[in-house]
Amino acid sequence: MAQVTDSTALAAHLEALERALHDPVVRADAARLEALLDPDFSEIGSSGSCYGRAAALVEIPAERAVVEIVSDDYRVAVLAPTVAQVRYCSWYVVDGVRQRAVLRSSLWRLHDAGWRLLFHQGTPGVEPTVGRQT
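Position one of the sequence shown corresponds to residue 14 (the working numbering), numbered consecutively onward.
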């Protein structure tokens, strides 16, 4: 199995994968989602609800509303040769105005076929505080 050798390239790649998961075209494509989600995927949503892979593969493509999601302040940490954490802040955009900030954390696992999302958690936030230490 491949391992991480270039952390800068990895950070850019994982950010691109996270941003793809915000794209309505990707979210509507069950096959694309299946390729991105690890077989052991689970999520704790910003609503506090927990989801597994099977539920995500049914519910995400069935979303009726097309919501714009913007994100920034990405931070990537390599936790093991085949596991990385991505943290960032996102917002839903309604009528051109950012609303409902969510602090996000994802764990990605490297497979022979590439990186797949293993775990994701969204926590309601008020501002981008991902990179700040308190």
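Take the hints with a grain of salt, since some may be wrong.
To be verified - Simulated restraints on C-beta separations: (1) Gly109 <-> Pro52: 20 to 28 Å; (2) Ala25 <-> Ala48: 13 to 21 Å; (3) Asp125 <-> Ala78: 33 to 41 Å; (4) Ala25 <-> Asp108: 25 to 33 Å; (5) Asp19 <-> Cys63: 32 to 40 Å; (6) Pro37 <-> Pro94: 30 to 38 Å; (7) Gly109 <-> Asp51: 28 to 36 Å; (8) Asp125 <-> Val83: 18 to 26 Å.
Just so you know, these hints were derived from the structure itself, not from any lab.
Everything numeric in this text was worked out from a predicted model, so none of it was measured.
Don't be surprised by glycine CBs; every beta carbon is placed ideally from N, CA and C.
How the hints compare with the structure:
{"no.": "1", "hint": "Gly109 <-> Pro52: 20 to 28 Å", "result": "39 Å, violated"}
{"no.": "2", "hint": "Ala25 <-> Ala48: 13 to 21 Å", "result": "19 Å, holds"}
{"no.": "3", "hint": "Asp125 <-> Ala78: 33 to 41 Å", "result": "36 Å, holds"}
{"no.": "4", "hint": "Ala25 <-> Asp108: 25 to 33 Å", "result": "31 Å, holds"}
{"no.": "5", "hint": "Asp19 <-> Cys63: 32 to 40 Å", "result": "34 Å, holds"}
{"no.": "6", "hint": "Pro37 <-> Pro94: 30 to 38 Å", "result": "34 Å, holds"}
{"no.": "7", "hint": "Gly109 <-> Asp51: 28 to 36 Å", "result": "35 Å, holds"}
{"no.": "8", "hint": "Asp125 <-> Val83: 18 to 26 Å", "result": "33 Å, violated"}
This entry does not satisfy hints 1, 8, going by the numbered hints stated previously.
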